[in-house]
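First to last, the protein sequences are chains X, D and L. If you use the numbering used here, the first sequence corresponds to residues 1 to 325, in order. If you use the numbering used here, the second sequence corresponds to residues 1 to 289, in order. If you use the numbering used here, the third sequence corresponds to residues 1 to 275, in order.
Where hints are given, some of them may not hold.
Unchecked claim - Sample of chain X residues at the chain L side, in silico, Cβ under 7 Å:
1) V80
2) H247
3) V251
4) E322
Claimed, not checked - A few chain X positions that, by computed beta-carbon distances, are all more than 10 Å from chain L:
5) E157
6) T211
7) Q253
Quick caveat, the hints were computed from the structure, so don't treat them as lab data. Glycine included, every Cβ here is placed at the ideal spot set by N, Cα and C.
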Amino acid sequence: MSTTPALPDVVYFNLGRVWTMALNTLIEMTRQKVFYFMIVFALLMIGAASFFSIFSFGEEAQYITQLKFIKDTGLGAISVFGAIIAVVATAQLLPAELENRTIYTILAKPVHRLEFLLGKFVGVALLLAISVTLMGSLFLGVVFIKDQNLSAATYHETIEAAEGAVAGSPDMKPETKQKVLAEARTRAEQGAAEIHKTAGYQDIVKAMTTTLFKLWLVAAMTLMLSSFATSMVFTVVMSAMLYFSGHLVPVAQKFYATSKAPLGQLMAGVVNWFLPNLAAFDVADDLFAGDPLPWLKVLKILSYGLFYLLVTLTLAHLIFREREI
Amino acid sequence: MTPAIEIKGLTKRYRTGLRRETVLALDHLDLRVEPGEVYGLLGPNGSGKSTTLKLALGLIRATAGEAKIFGKPCASVVSRLHVGFLPENPYFYRFLTGAETLMFYGRLCGMSGAPLSKRVDELLQLVGLTNAASRPLAGYSKGMLQRIGLAQAMVHDPQLLLLDEPTAGVDPIGSKEIRDLIIRLRAMGKTVLLCSHLLTQVQDVCDRICILNQGRKVREGRVDDLLRDQKRLCITVESLPEAARAQIAEWVEDWGASVVSIENPQTTLESLFLDAVKAQQPPTPPNKP
Amino acid sequence: MKRNWVLIPLVLLAAALVKMPFEASMAADRPHTAGVGLNLKTREMIGQGMSLALLGGFRALVADFLWISAHAAWEQNRWFTMRQHFEVVTTLQPRAILFWDMASWHLAWNASHAALHDPNEPRLAVRLRDQRHWMRAGRELLERGIANNPNNAFLHEKLAWMLHDKFQDLCGAADAALKAVQLCQDWRRGYLQRLAGYWLEDCARNVAPSRLRETYDYWRQLWLREYAGKPREHWDTIDRNVSRRIMKLEEELSIPDLQRLFPKPQPSVSVPPRR
Ligand SMILES: Nc1ncnc2c1ncn2[C@@H]1O[C@H](COP(=O)(O)OP(=O)(O)OP(=O)(O)O)[C@@H](O)[C@H]1O
Ligand SMILES: [Mg+2]
Numbered sequence: 001m002s003t004t005p006a007l008p009d010v011v012y013f014n015l016g017r018v019w020t021m022a023l024n025t026l027i028e029m030t031r032q033k034v035f036y037f038m039i040v041f042a043l044l045m046i047g048a049a050s051f052f053s054i055f056s057f058g059e060e061a062q063y064i065t066q067l068k069f070i071k072d073t074g075l076g077a078i079s080v081f082g083a084i085i086a087v088v089a090t091a092q093l094l095p096a097e098l099e100n101r102t103i104y105t106i107l108a109k110p111v112h113r114l115e116f117l118l119g120k121f122v123g124v125a126l127l128l129a130i131s132v133t134l135m136g137s138l139f140l141g142v143v144f145i146k147d148q149n150l151s152a153a154t155y156h157e158t159i160e161a162a163e164g165a166v167a168g169s170p171d172m173k174p175e176t177k178q179k180v181l182a183e184a185r186t187r188a189e190q191g192a193a194e195i196h197k198t199a200g201y202q203d204i205v206k207a208m209t210t211t212l213f214k215l216w217l218v219a220a221m222t223l224m225l226s227s228f229a230t231s232m233v234f235t236v237v238m239s240a241m242l243y244f245s246g247h248l249v250p251v252a253q254k255f256y257a258t259s260k261a262p263l264g265q266l267m268a269g270v271v272n273w274f275l276p277n278l279a280a281f282d283v284a285d286d287l288f289a290g291d292p293l294p295w296l297k298v299l300k301i302l303s304y305g306l307f308y309l310l311v312t313l314t315l316a317h318l319i320f321r322e323r324e325i
Numbered sequence: 001m002t003p004a005i006e007i008k009g010l011t012k013r014y015r016t017g018l019r020r021e022t023v024l025a026l027d028h029l030d031l032r033v034e035p036g037e038v039y040g041l042l043g044p045n046g047s048g049k050s051t052t053l054k055l056a057l058g059l060i061r062a063t064a065g066e067a068k069i070f071g072k073p074c075a076s077v078v079s080r081l082h083v084g085f086l087p088e089n090p091y092f093y094r095f096l097t098g099a100e101t102l103m104f105y106g107r108l109c110g111m112s113g114a115p116l117s118k119r120v121d122e123l124l125q126l127v128g129l130t131n132a133a134s135r136p137l138a139g140y141s142k143g144m145l146q147r148i149g150l151a152q153a154m155v156h157d158p159q160l161l162l163l164d165e166p167t168a169g170v171d172p173i174g175s176k177e178i179r180d181l182i183i184r185l186r187a188m189g190k191t192v193l194l195c196s197h198l199l200t201q202v203q204d205v206c207d208r209i210c211i212l213n214q215g216r217k218v219r220e221g222r223v224d225d226l227l228r229d230q231k232r233l234c235i236t237v238e239s240l241p242e243a244a245r246a247q248i249a250e251w252v253e254d255w256g257a258s259v260v261s262i263e264n265p266q267t268t269l270e271s272l273f274l275d276a277v278k279a280q281q282p283p284t285p286p287n288k289p
Numbered sequence: 001m002k003r004n005w006v007l008i009p010l011v012l013l014a015a016a017l018v019k020m021p022f023e024a025s026m027a028a029d030r031p032h033t034a035g036v037g038l039n040l041k042t043r044e045m046i047g048q049g050m051s052l053a054l055l056g057g058f059r060a061l062v063a064d065f066l067w068i069s070a071h072a073a074w075e076q077n078r079w080f081t082m083r084q085h086f087e088v089v090t091t092l093q094p095r096a097i098l099f100w101d102m103a104s105w106h107l108a109w110n111a112s113h114a115a116l117h118d119p120n121e122p123r124l125a126v127r128l129r130d131q132r133h134w135m136r137a138g139r140e141l142l143e144r145g146i147a148n149n150p151n152n153a154f155l156h157e158k159l160a161w162m163l164h165d166k167f168q169d170l171c172g173a174a175d176a177a178l179k180a181v182q183l184c185q186d187w188r189r190g191y192l193q194r195l196a197g198y199w200l201e202d203c204a205r206n207v208a209p210s211r212l213r214e215t216y217d218y219w220r221q222l223w224l225r226e227y228a229g230k231p232r233e234h235w236d237t238i239d240r241n242v243s244r245r246i247m248k249l250e251e252e253l254s255i256p257d258l259q260r261l262f263p264k265p266q267p268s269v270s271v272p273p274r275r
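Excised from the complex, chain X in its bound form:
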């Protein structure tokens, strides 16, 4: 009557369970109204678009300034909101599981701790990807509208100026008139094209892609910290510090090479050797300054991100599998 089940020797790692965990994590976070950020973002973008267009700089190429300001607002907000989501949402994942003791019921099932941990990470990663995509689409839309407005205005101004000149000189030969107007049209098209180029859609997409990978890495670092932390405040503070120091890696490298002070050198060395270079993901400034960055090199940055994701998650796993729950 009573039975002893026949058990296999091992239970293999299973992506299905990771996915189940990930979706559950995603639902959990969306119900916590993380997406309220989106509304703030939308207001910010619309505000920026209208604010910067009423602001006049008295410069000849105003479109450069206007587009720059809108792009700075959009990319800045995406990166900041993203970082806040990446740190705060991730930092509370494990503490919430522990506090609500939901983790007991999950790990009492035939679930590897790695599956649990990866599920949590993939959930956050999905959330970040969705947020960045939503904010990014909105942002690109605003840039597109601005681009259309500015280039249309430039185009018509140029054409109208030429037509005015033609109309103002009645003794102009018809062929000359034709020529002047044709030249004006070419110039107007060039001007519009120049504005489209300044809008830099591809550069924006590149910048957002690298930003997303940076956010994933930040989330992974936060998860790694919370895999041994006992307080959420500790996790948030430490993640923020890692975030800042990660951006200082290039400076630390330089400092390490040139500094004479032993203590400073030691600190710079630690940062240099053990922290991922988060500044490497900030490509917007370089792109907008006109330094070309072909997709292949963007891919190199992304693979650097993947490499550090692997390192960080490995560390998180090593710590978490030993953790007492």
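Dock chains D and L with the ligands against chain X, hints included.
Chains D and L with the ligands in isolation, oriented as in the chain X frame:
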């Protein structure tokens, strides 16, 4: 036959705080639960019942000793393939409904599709939550959470159930239902390990029990055996006239024995429990390394 | 637990070993990121790094708002405030070409002009000194911009104009323009090439006669690269202008006939004297 649970010399020392103070929660515990039996783990607060369960599930690591489930070491995921666990005061994702919760746990156990939905309906029926199936758990009462916890533990139809205070917070009717459920599970050949304070309930359903105190096993055995007082005898008679009572008392004293009481004497699990625990008083201070 | 004391340092070490060459290769792709690889002062680098770290993504936006404040300061002639804002703005966003360009122009042109015509300062000597002060400030800022963006042709061109117009430094302007030519890739290149040539020639004729030969070589190469091959009938004003300059230099430097681009007409051919 491979025991459902086999625990040998299991010891757990918790570190507390920054100073190197420790709490000895479990002290060389040996335990063996055979397949098909209902085993009760009793003990006062802090005696190490929950610690035993957590060790058996690999949630924490033993300081010494080992625990095996169906012959597999408890640290391995394999050992959990046929285990259902109900933690004490269970608490689930507040944002999921009852049905969603069960679906989630079912998927974690590798179930999916129609068999899973069917199983979920079955379980909701079984624990009496069919009407609340589509309400988020945030609005569940304590007893309802306990029921959904029980359903969750059974979702993949495991052979072994570890229940930490399954009737806590459940009303008397529900508590009776849970007891009946356990008895039914035994009839189906399942093994159940349950922790409880509610002694009468344990008495009703358990084949064997073990009493823990301060991390040590103080009694173990079949409920019937433990409750039988070997030195005392209880004769239950019907319609004995008042006069005969005095005669019997005399007769007993002639044999050199004594009559303790003539009313219906009862040794309950309750008093047994108290005796066992009192024998160890006063409690020792926290262990230092 | 004990395993981790070995495994974690091992993972960190392995990561560090991969990280270094990886980062070196990424830095080679982008030589100007956060000033690494540039000869910036350490203090300047740390300032940039800190702003990057602390303000994170909002760095650019903060810079934009300070830029607006700087603009307001300009409108109210508060020059020192304006300059302070410029310092911060360029530290926050050292790669924004617009900022370096506009800020240095405001300092070298507007602020210096205002100082020279300060109605509250009767002494001309003081006003002249102040004018020089603002010009130098503009130049220093622009040079810092170039240090941060060494490959930007536009900033080099701006420096050339500043040296030429404000400092009357003909040779400096020529050198800056030559640098701009080297870096320029877009349609401005044609115009920059000639500008550099004119200014180099100005430098050689007015300041450094020893550079006359260099000027000749420059024009010659430019001619061979850009203008040669066009039949003389199709020359436009520019072609004629450049060729005339080359001929004049060939004469002055007594370039042997065989090496000249425009050899003298053979004496055997008799040219009737002009009247
Ligand atoms: N995480 C922990 N850290 C430190 N000490 C712990 C921890 N968990 C349990 N203990 C201690 O271990 C001992 C046994 O605890 P356990 O939870 O196993 O008791 P229990 O028998 O389940 O009690 P209850 O009936 O109250 O549920 C207690 O003294 C408790 O204080
Ligand atoms: Mg307990």
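Against the structure, the hints come out as follows:
1. V80: Nearest chain L Cβ about 4 Å off; hint holds.
2. H247: holds (4 Å)
3. V251: Because about 4 Å separates V251/X from the closest Cβ in chain L, which is inside the 7 Å limit, the hint holds.
4. E322: This interface hint holds because 5 Å falls under the 7 Å limit.
5. E157: holds (21 Å)
6. T211: Non-interface label fails for T211/X: nearest chain L Cβ at 8 Å, not farther than 10 Å.
7. Q253: Answer for Q253/X: violated, closest chain L Cβ roughly 7 Å.
Checked against the numbered hints listed earlier, the structure breaks hints 6 and 7; every other hint is satisfied.
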